[in-house]
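K.L.:
Chain by chain, the residues:
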Amino acid sequence: MKMKGAEALIESLKREGVEVIFGYPGGALLPIYDALFDCEDIRHILVRHEQGAAHAAEGYAKATGRVGVCLATSGPGATNLVTGLTDAYMDSVPVVAITGQVATPYIGKDAFQEADIFGITMHITKHNYLVKNPEDLPRVVAEAFYIARTGRPGPVLIDIPRDVSAATIDYEPVTQVQLRSYKPTVEEHPRQIAKAAELIQQSERPILYIGGGVISGNASAEVLELAEKANLPVVYTLMGKSAVPDDHPLCLGMLGMHGSAYANYAVAYCDTLIAIGARFDDRVTGKVDAFAPHAKIIHIDIDPAEIGKVKIPLVPVVGDCKRIVPEITKLVSYKPRSEWFDQINRWRQEFPLDYPHNEELRAEYVIERISALTNGEAIVTTDVGQHQMWAAQFFKCKFPRQFITSGGLGTMGFGLPAAIGAQIGCPDREVWCISGDGSIQMCSQELMTAVQCRLPIRIAIINNEFLGMVRQWQELFWNRRYSHVELAAAPDFVKLAEAYGAVGLRVEQREDVDTAIKRAREVTDVPVVIDFRVAREINVFPMIPSGGTIEQMKVHQMISAELPKAIAGQPSNGETNAVQATSTSKEKS
Amino acid sequence: MQHTITALVENKPGVLARVSSLFARRGYNIESLAVSITDDPTVSRMTIVVSGDEQTLEQISKQLNKLIDVIKVVDYTGTPVVDRELALIKVTAEPERRTEIMQIVDIFRAKIIDVSEKTFTVEVTGSSEKIDALERLLKPFGIVEMVRTGRIVMARGARNGQGSG
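Chains as they are written, first to last, in the numbering used here: chain A, 1 to 589; chain D, 1 to 165.
It is possible that part of the hints are untrue.
If you want the ones that stay clear, here's a sample from chain D, every Cβ over 12 Å from chain A, calculated [what the hints assert, rightly or not]:
1) Ile5
2) Arg25
3) Arg26
4) Ser36
5) Thr42
6) Gln55
7) Gln59
8) Ser61
9) Ile68
10) Ala87
11) Gly126
12) Val153
In silico DSBU-like cross-links for lysine-lysine, where the CA-CA straight-line distance does not exceed 30 Å [unchecked claim]:
13) D:Lys66 - A:Lys309
14) A:Lys518 - A:Lys398
15) A:Lys311 - D:Lys62
16) A:Lys322 - A:Lys311
17) A:Lys296 - A:Lys309
18) A:Lys109 - D:Lys12
19) A:Lys195 - D:Lys66
20) A:Lys195 - D:Lys72
21) D:Lys90 - A:Lys183
22) D:Lys62 - A:Lys4
23) D:Lys118 - A:Lys132
24) A:Lys396 - A:Lys287
25) D:Lys118 - A:Lys183
26) D:Lys62 - D:Lys90
27) A:Lys195 - D:Lys62
28) A:Lys296 - D:Lys62
29) A:Lys14 - D:Lys12
30) D:Lys90 - A:Lys311
31) A:Lys322 - D:Lys118
32) A:Lys195 - A:Lys109
33) A:Lys322 - D:Lys72
34) A:Lys311 - A:Lys335
35) D:Lys90 - A:Lys287
36) A:Lys287 - D:Lys62
37) A:Lys309 - A:Lys330
38) A:Lys14 - A:Lys109
39) A:Lys554 - A:Lys398
40) A:Lys495 - A:Lys554
For the record, the hints were derived by calculation from the structure and aren't laboratory data.
Each residue gets a CB set at the ideal place from its N, CA and C atoms; glycine is no exception.
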């Protein structure tokens, strides 16, 4: 069938099941926007900045498990996607970005709004394309979606010169993708699976350490089944949050820099560490040599390059965790391990994940109340900083894909557009964006998008008038020299919300928190912004300093227990226990 | 330690940039690089000499394999290979020293491929060590200019680095 390149693009997107595009028009996109004008099957969400489009596509992808699509014009439009694409690459989010490009005769001539986005995004995408031949468009789109969603997911960019989308081609739908150099489905290795199962069965002090791969691999149920059948305590990474319910008796919460003390102690003392879809990130391990020093490691990951990148496992298993984990589950049986669980429970009691309950309006309390009043069922997106860590600590999740955050890249400005994407993808779910007074100002223009689309997103700004996380580091490690972190010069967030046509609320007292959350939940046709004026100088604890060890963990002053002096159970292989008593410091909360 | 790896890649625009930027981004050093087409015109073969320990090499090979346009990566460490480089060396050749230079060239089975009043241009192929040795011997005469290709390798015997072997 004869049609324009732009029409063939739209047809190809429809074939991939695309129902929504987050985009922003521009000169190089005119043929594509002309084709979109008549398209009834694909909804176009007009963002107010291309960065918003990329994060919204991520939020959509993370909430639904489908591929998110964003669209930006050449030059500045395309470069504005770069942060979002890097974010998607770091967190393995399936996103397809389509960019307009100047017409092929102008490429390389420094034409108006020309940027080499193909070159720029080469190593922040899983793969990218510059389409020079219009006939290639349907094949490229099919390949891009296939690459984005299979294997370890990731962003793929398609750069389309204006003359390519304007050209007339003979459209043939692509029914099959053939890439000789990309074979994402790995046959799982029965011998490795058997070895893993044997090691789990033998273990006295096992820990299941799960990451974002469990969520993107849709393997939450399978992992929980393994944990329950073999009786394994579970810790999760920031990206793995919501893979298992927070109130599950086996769940010890998040590990790492701001993880619960008991999760980190359990990892420090475990004899077997079963990593699934996790990549031993530095925010998890701290000092690598001191991370899980007694553990034999089983590492299950779909990306062979992750195995041995940071820690060399005893048993590597490459493949899809949704297929591998049930095979392991078949081979293991229940083991009480009562000594290990007793020890963990003692740590839980002695080092609870808690904060000082005083008269102040504290960020932790606000998040706890949002969690409680939404029954832990809301989709939560966050920005980056202290509020993000408090959300990870105190919002109690129930279902996979419920906690949407920027982990690897740590992108301030992610939360609001991601919430828009999540709400568009899941119109029947309640969506909260937990943000900070710094982060919200990085993409606040997207309030307009949310108002225009009548999305009832609830935005909780944890406003401490600081770039709180940087201030915390300056307080603890830089002699309280608060260099350029004060944000008292801020807009009136209530008026800002109202200026966009959203509802604005302000909370200054602890006793008003519930009322405000309830009021926000009653609004169903526009976003609500709640400016929570929380205590200014509170810190996120526990905290293991960057590159540090568990001995350097800082906890709230209220924790009265002595930190562990001797290991429970026997160190593996008779080695001496490296994690002795400790100088863990108690900090002013 | 030096390792030689080859990557069979799709013969498409941008592939060399993908590979070289991967090395730059991950902090690996390329000692030498040779790229050429294979008997299949849709496939190019890159021969890359890198230095690093076993673990670095394993990461390089895994990261290369992750690139969508990379079809196959072969590590030749510990494999018997024939390896070759080619060099062109322009050396000062005063009339009274020409015989001496020609004798050295002869011993190395190199060739003089261009002559001027003051210079010889020598073509030599062989292992890196052989070329290093010739360079060392010609240096006292005065090397005007020198250019070397990257190393290329092929496994000895019937083993095929492009196929499944």
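K.L.:
Determine for every hint whether it applies to the structure shown.
P.N.:
Status of the hints after comparison with the structure:
{"no.": "1", "hint": "Ile5", "in the structure": "15 Å, holds"}
{"no.": "2", "hint": "Arg25", "in the structure": "5 Å, violated"}
{"no.": "3", "hint": "Arg26", "in the structure": "9 Å, violated"}
{"no.": "4", "hint": "Ser36", "in the structure": "18 Å, holds"}
{"no.": "5", "hint": "Thr42", "in the structure": "9 Å, violated"}
{"no.": "6", "hint": "Gln55", "in the structure": "7 Å, violated"}
{"no.": "7", "hint": "Gln59", "in the structure": "6 Å, violated"}
{"no.": "8", "hint": "Ser61", "in the structure": "9 Å, violated"}
{"no.": "9", "hint": "Ile68", "in the structure": "4 Å, violated"}
{"no.": "10", "hint": "Ala87", "in the structure": "32 Å, holds"}
{"no.": "11", "hint": "Gly126", "in the structure": "33 Å, holds"}
{"no.": "12", "hint": "Val153", "in the structure": "21 Å, holds"}
{"no.": "13", "hint": "D:Lys66 - A:Lys309", "in the structure": "14 Å, holds"}
{"no.": "14", "hint": "A:Lys518 - A:Lys398", "in the structure": "20 Å, holds"}
{"no.": "15", "hint": "A:Lys311 - D:Lys62", "in the structure": "15 Å, holds"}
{"no.": "16", "hint": "A:Lys322 - A:Lys311", "in the structure": "23 Å, holds"}
{"no.": "17", "hint": "A:Lys296 - A:Lys309", "in the structure": "16 Å, holds"}
{"no.": "18", "hint": "A:Lys109 - D:Lys12", "in the structure": "21 Å, holds"}
{"no.": "19", "hint": "A:Lys195 - D:Lys66", "in the structure": "26 Å, holds"}
{"no.": "20", "hint": "A:Lys195 - D:Lys72", "in the structure": "29 Å, holds"}
{"no.": "21", "hint": "D:Lys90 - A:Lys183", "in the structure": "48 Å, violated"}
{"no.": "22", "hint": "D:Lys62 - A:Lys4", "in the structure": "40 Å, violated"}
{"no.": "23", "hint": "D:Lys118 - A:Lys132", "in the structure": "50 Å, violated"}
{"no.": "24", "hint": "A:Lys396 - A:Lys287", "in the structure": "28 Å, holds"}
{"no.": "25", "hint": "D:Lys118 - A:Lys183", "in the structure": "58 Å, violated"}
{"no.": "26", "hint": "D:Lys62 - D:Lys90", "in the structure": "40 Å, violated"}
{"no.": "27", "hint": "A:Lys195 - D:Lys62", "in the structure": "23 Å, holds"}
{"no.": "28", "hint": "A:Lys296 - D:Lys62", "in the structure": "23 Å, holds"}
{"no.": "29", "hint": "A:Lys14 - D:Lys12", "in the structure": "28 Å, holds"}
{"no.": "30", "hint": "D:Lys90 - A:Lys311", "in the structure": "50 Å, violated"}
{"no.": "31", "hint": "A:Lys322 - D:Lys118", "in the structure": "72 Å, violated"}
{"no.": "32", "hint": "A:Lys195 - A:Lys109", "in the structure": "58 Å, violated"}
{"no.": "33", "hint": "A:Lys322 - D:Lys72", "in the structure": "27 Å, holds"}
{"no.": "34", "hint": "A:Lys311 - A:Lys335", "in the structure": "27 Å, holds"}
{"no.": "35", "hint": "D:Lys90 - A:Lys287", "in the structure": "53 Å, violated"}
{"no.": "36", "hint": "A:Lys287 - D:Lys62", "in the structure": "24 Å, holds"}
{"no.": "37", "hint": "A:Lys309 - A:Lys330", "in the structure": "29 Å, holds"}
{"no.": "38", "hint": "A:Lys14 - A:Lys109", "in the structure": "34 Å, violated"}
{"no.": "39", "hint": "A:Lys554 - A:Lys398", "in the structure": "29 Å, holds"}
{"no.": "40", "hint": "A:Lys495 - A:Lys554", "in the structure": "38 Å, violated"}
Hint compliance for this structure: hints 2, 3, 5, 6, 7, 8, 9, 21, 22, 23, 25, 26, 30, 31, 32, 35, 38, 40 are not met, and every other hint is.
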